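Student: I would like the entire structure built from these sequences, with the hints used as guidance.
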Amino acid sequence: MTRLRKLTGLLVCGYLSWAAPARADAVADWNAIAVQAIITTSVPRPGPSNILDMAIVQVAVYEAIEAIDGRFRPYHLTIPGASGSPAAAAAKAAHDVLVSRFPDRAASVDTAYHSYLSNNGLSENDPGVVVGQQAAAGILALRANDGSFPSPPPPPVTGGTDPGVWRPTISYNPGPPPSLLPLAAPWMAIVTPFTLTSPAQFRATPPPALPSDRYARDYNEVKALGALSNSTRTPEQTDLAYFWAANYLVLWNQGLRDIANAHVHNIGDSARLFALANVAFADAAITAWDSKTHYLFWRPLTAIQEGDNDGNSQTAGDPTWRPLINTPPYPDYTSGANNVTGAVTLILALFFGTNEMTFSLTTTNPLAIQQTRTYHRFSDVARDVVNVRIYEGIHFRFADTAARSQGRHVAKWAFKHFLRPVNDNDNGDDDEE
20 MTRLRKLTGL
30 LVCGYLSWAA
40 PARADAVADW
50 NAIAVQAIIT
60 TSVPRPGPSN
70 ILDMAIVQVA
80 VYEAIEAIDG
90 RFRPYHLTIP
100 GASGSPAAAA
110 AKAAHDVLVS
120 RFPDRAASVD
130 TAYHSYLSNN
140 GLSENDPGVV
150 VGQQAAAGIL
160 ALRANDGSFP
170 SPPPPPVTGG
180 TDPGVWRPTI
190 SYNPGPPPSL
200 LPLAAPWMAI
210 VTPFTLTSPA
220 QFRATPPPAL
230 PSDRYARDYN
240 EVKALGALSN
250 STRTPEQTDL
260 AYFWAANYLV
270 LWNQGLRDIA
280 NAHVHNIGDS
290 ARLFALANVA
300 FADAAITAWD
310 SKTHYLFWRP
320 LTAIQEGDND
330 GNSQTAGDPT
340 WRPLINTPPY
350 PDYTSGANNV
360 TGAVTLILAL
370 FFGTNEMTFS
380 LTTTNPLAIQ
390 QTRTYHRFSD
400 VARDVVNVRI
410 YEGIHFRFAD
420 TAARSQGRHV
430 AKWAFKHFLR
440 PVNDNDNGDD
450 DEE
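Quick note on my numbering: the sequence shown kicks off at 20 and runs consecutively.
Treat the hints with caution; some may be incorrect.
[Said to hold, decoys possible] Now the in silico label distances, taken between C-beta atoms and shown as ranges:
| # | residue 1 | residue 2 | range |
| --- | --- | --- | --- |
| 1 | Thr-251 | Arg-402 | 18 to 26 Å |
| 2 | Thr-211 | Pro-174 | 14 to 22 Å |
| 3 | Ala-163 | Glu-240 | 42 to 50 Å |
Just so you know, the hints here were simulated from the structure itself, not pulled from any lab data.
The structure displayed is predicted, hence computed values, not measured ones.
Ideal placement from N, C-alpha and C gives every residue a C-beta, glycine not left out.
Tutor: Right, here's the structure in full:
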C-alpha cells in the first residue's frame, strides 16, 4: 500500500468528509498577515530567501497549536502544560516571529495582533498567548545561527567566462531585475535546512555536457520557444508564461489559504498543512541553491548569445537573442521555481491523499491576461511550471525536470519524517504516489 492510500484513511475520513462551511482560521489569517509583512519590509530579502522567514512563522504556529491540540508530533519543542485558545497561540507565535525578523514592520504587526484578538473575542491574557510566545522563542532560537542573512555578506559570486559557466546577465526588458547582478543570496546553498540532513542531500546529477545531443535539443527548444521576438510560442503559452512569472511566495500561500479554507476544518490540521508546505518550499529552495552554486551552469541568454563557442555543431549562436522575461541573477541548473513547485504540489497530494482536487491559483503578474487559473490535479501545476520556464526563455528543460524531481524528493522526505501523527509508528515508504 502506498503512502497516499494510507493517508486516505487517516486524513480524508477525518475531516474532508465533514460538510462544514468553508471558513478561515487563525492559521490562514496569520499566514496572510505574515506574507504582507514579508513582502512590504523596507529591507527586501534577496532572491527567494524570504521563504525562510515564512517557514519559521509556520513552524512556530504549528508548534504553538499542536502543543495544545496534541494530535501531531512537535517539530522541535515540547511545551509542558500547554492550554488555552489555539487561535490565540497561533496569533502570538506568528506575531513574535514577525516582529523579531522584521522590526520595521513591528508597529503594523502589533496593531494586527491586538485587533485580531479583539475581533475574535480572545483575551490578551488567554493561556494560549503564553504558549505562542514560548513556541516563537523556541523556533527563533533554533534558527538563530542557521547561516541565513549573514552579516557581513559573503563576497559576490560572478561565475566565469568559460563556455557553460554562469555569469551575470543583462536585463533587456522593463522591470526587475537590474542588469549584471552577482548571484543572489549565495549563502542559501549552505543554510541549515528545516527537514533535510544537508543542503546537498538531493543534489542533482550533472547537467548534460555541452557537446551532447541532449544539450543541443534543449538549447534549440528554449531558443525557439523562449525568445522575446519571433518566438514559436502560441498566445496561450505566452499568457501562461506571464502567469507564472510571479511571486511564488505570495501565489502559493494564497493558494494554500484557499485550499485550506475550502477543505480543512480543524485548526490543528491547518497548522500542519501550512507548516509542511512551507518547510518543504524552503528546503526545496535550499536544494536548488546547492545545485546552482555547485554547477554554476549558464543561463539560456548567455548560452544562445555564445552558441557558436560551445563546441556543439547543433547549436547556432545568436548574439541578438533575448528572453521573454528578464533572467534572474542566479544560475540555470537547477530551477528554483520547479524545485519549490514540485515540493508544494506533492506535499498537497500527500496531505490530502489524492493528486486530484479542483483549486485555483492567482498570479501576481499584471501582464498575464488570465489572472486566475483553475487546476484539477496538483501534478498539472508542476507540469505547467516545467514548460513555462522554457516559454519565459530563462531555463533549459533539463534544469526544470531535474528540479521538479528534487522538489518531489524533498516533499517525500519532509512528509515521511516530520509532523507525523503522535500515534503513527509507521514512517512509511518511499513509493511514488
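Student: Indicate, hint by hint, whether the structure satisfies it.
Tutor: Now the hints, each set against the structure:
no.: 1; hint: Thr-251 to Arg-402: 18 to 26 Å; verdict: holds, 19 Å
no.: 2; hint: Thr-211 to Pro-174: 14 to 22 Å; verdict: holds, 21 Å
no.: 3; hint: Ala-163 to Glu-240: 42 to 50 Å; verdict: holds, 45 Å
In the structure shown, no violation is registered for any of the earlier numbered hints.
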